[in-house]
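Asks: Listed below are the residues making up each chain.
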Amino acid sequence: MAEPLLRVDGLTKRFGGVVASDDIMLDVSAGELHAIIGPNGAGKTTLIGQLQGEIAPNSGRIAFDGRDITALPVYDRSMLGLARSFQITSLFRDFTALDNVALAVQAHAGHSFRFWRNARAESELRDPARAALKRVGLEGRADVIVSSLSHGEQRQLEIAMALASRPRLLLLDEPMAGLGAEESARMVQTLRELKQELTILLIEHDMEAVFALADRITVLVYGRVIASGAPADIRANEEVRQAYLGEQEVVQAQGAGLGATHG
Amino acid sequence: MTTHLTARNAVVVAMIAFLMLVPVYAATTGNTFMMTLFTRIIILAIAAVSLNLIMGFGGMVSFGHAAYLGIGGYVVGILAKEGIDSGFVQWPLAIALSGLFALGVGALSLRTRGVYFIMITLAFAQVVYYVANGLDRYGGDDGLTIQRRSEFGGLINLSNRTFFYYLCLALLLATVYLVWRMVNSRFGMAIQGARSNERRMNAIGFPTFRYKLICFVIAGLICGLAGVLLANHTNFISPQLMHWTRSGDLIVMAVLGGMGSVFGPVIGAVALLVLEETLPHLIGLVTHVFTGKEIAAAKEYWQLILGPMLLLIVLFARGGIDGLIARSRNG
Ligand SMILES: Nc1ncnc2c1ncn2[C@@H]1O[C@H](COP(=O)(O)OP(=O)(O)O)[C@@H](O)[C@H]1O
Ligand SMILES: [Mg+2]
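So the sequence lines, in the order shown, correspond to chains A and B. Residue numbering for the first sequence follows the numbering used here, starting at 997 and increasing by one per position. Residue numbering for the second sequence follows the numbering used here, starting at 22 and increasing by one per position.
None of these hints come from the bench; they were simulated from the model. Treat the hints with care, since some could be wrong.
[Claimed, not checked] What follows is a list of derived Cβ distance ranges for each label pair:
#1 B:A128 to A:H1107: 12 to 20 Å
#2 B:S107 to A:F1111: 23 to 31 Å
#3 A:V1015 to B:V136: 29 to 37 Å
#4 A:F1111 to B:G125: 16 to 24 Å
#5 A:S1119 to B:E103: 53 to 61 Å
#6 B:Y322 to A:I1084: 44 to 52 Å
#7 B:G125 to A:F1109: 33 to 41 Å
[What the hints assert, rightly or not] Residues from chain B that keep clear of chain A, each with C-beta distances beyond 10 Å, as calculated:
#8 G51
#9 I99
#10 M140
#11 L143
#12 G164
#13 R170
#14 S180
#15 G214
#16 F227
#17 H302
#18 L306
It should be emphasised that the depicted structure is a prediction, and the values quoted were computed from it without experimental measurement. By construction, the Cβ of each residue, glycine as well, lies at the ideal position given by its N, Cα and C atoms.
Let's have the full structure, built from the sequences with the hints guiding it.
Replies: Written out as structure tokens, the structure reads:
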């Protein structure tokens, strides 16, 4: 098999006594949608933070496209094509939706030591930004200030911003958090489309969405990878049932016919 | 949106027209005090606009901005004392040194934020303040009189009050225009993005530190120019130029006028300094009317009125005077 797009090797992160990442091994191949599931506090967000560069690991190594990026700052990783959407919405709240996305475009359109021309009139920035908004279905809301957008729209905007920064690997941290049924369905549709052309690392609690979208699934519990494989294998995996699926009532709704083994 | 802009623009145009007519008024009425006051207002407005570039647009609340007034002023004063009158030497050197100081302060302080940033910028300004106090050759804490204003090889004459006034006004308008272009450019977007959400800026690929640092230096350069003008205006330099309360005044001008707009601090500078001049008289008048006596001490308490006024503006008119104007038409 070819070199994976992302290779995580022995990643460990401790917060005081808590081991949030415990010797994590993970490969994401180009083109796949790789889901990470695990109960709250399993260390999913911490893992994404280390991949993106906001959190420095205690030990281990992260390689992106064959290059060691473990020590690279966040913005340099973004330049290489790592784009993250945040579990807790993180936007420019006093800007319009279009301004938000245009900033992401601008970040990847050369340096910003340009002092004179009106950036809001540059089609080089605005056109790709509009295109990204369109992909998530926000084209009609381009000129609305972010703080006036609904929660669901803000989640869509999160994705649009990640898209606009020319990603090669999308890191999505619970994009469906707090969405209603209809908005969730819309998000699943968006992800299904993105999946055609992008490599995606998806963290999600909605098991139905995960099993519908993922090519591979990695299960994280107490910072450790306890299983990794195709959706069918994960569903059948005894350890996963014991440790994770058993704890999560959500999964029963998934109808996998699991006996909840609490304990 | 358009009504916002017209209401605002009307005030901007009116303000500029007013400032242009001050010398005419002063000449016809022989009111030289008004000329002196408004020259000062215009110079401090340049400083306030530069502060607002980093504070209002960049979210960098510097509590040491008067240091650049001091550096700009002292370069002019020291060179003049040493017999170097040429503005061609004084001005570029003053501006360059201000920028260099900003580069140092920015490099050391911009990694911190919030109260720490405020305190570090204040600390650096205090260092310059005490250094100036220790310059015995240049008057120490008494200050130093500048015998001659900057010379420009006879091309222009800064000692002509009217000419000097219009020069300052032209430089203020140039500054406002420059800053306005800048905040709407890619650079300005990067700066405002860093104010709004620096974490997200990094995530989408912006190395924010270098943009903030350059912004900080640009503000320092502009304020250094204001210092040069102030020294030429008063023919005098002293550590008071960069007393921390003056840094506070500059912040108040920006907050009062409105940090959200480039022109806001100009309105703030006019409002604050005119209030500062008129409130004592007003209080004297009011106490006279009510008590029938001249109570000189009452005039000392004008700040007791100004303070609560500022508080009200900060609490209820978050965009400052500019914000009130923008909203008034929407009412
Ligand atoms: N900045 C932090 N400081 C201390 N502990 C943290 C920090 N971030 C996360 N943790 C802890 O690390 C563990 C993993 O958290 P997190 O990665 O947010 O889990 P998940 O996203 O899977 O819910 C939790 O026990 C959490 O309390
Ligand atoms: Mg999380």
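Asks: All hints are to be evaluated individually against the structure, with a verdict given for each.
Replies: Evaluation of the provided hints:
no.: 1; hint: B:A128 to A:H1107: 12 to 20 Å; verdict: holds (19 Å)
no.: 2; hint: B:S107 to A:F1111: 23 to 31 Å; verdict: holds (29 Å)
no.: 3; hint: A:V1015 to B:V136: 29 to 37 Å; verdict: holds (34 Å)
no.: 4; hint: A:F1111 to B:G125: 16 to 24 Å; verdict: holds (22 Å)
no.: 5; hint: A:S1119 to B:E103: 53 to 61 Å; verdict: holds (54 Å)
no.: 6; hint: B:Y322 to A:I1084: 44 to 52 Å; verdict: holds (49 Å)
no.: 7; hint: B:G125 to A:F1109: 33 to 41 Å; verdict: violated (20 Å)
no.: 8; hint: G51; verdict: holds (44 Å)
no.: 9; hint: I99; verdict: holds (32 Å)
no.: 10; hint: M140; verdict: holds (26 Å)
no.: 11; hint: L143; verdict: holds (27 Å)
no.: 12; hint: G164; verdict: holds (37 Å)
no.: 13; hint: R170; verdict: holds (31 Å)
no.: 14; hint: S180; verdict: holds (35 Å)
no.: 15; hint: G214; verdict: violated (5 Å)
no.: 16; hint: F227; verdict: violated (5 Å)
no.: 17; hint: H302; verdict: holds (40 Å)
no.: 18; hint: L306; verdict: holds (43 Å)
In the structure shown, a violation is registered for the earlier hints numbered 7, 15, 16, in ascending order.
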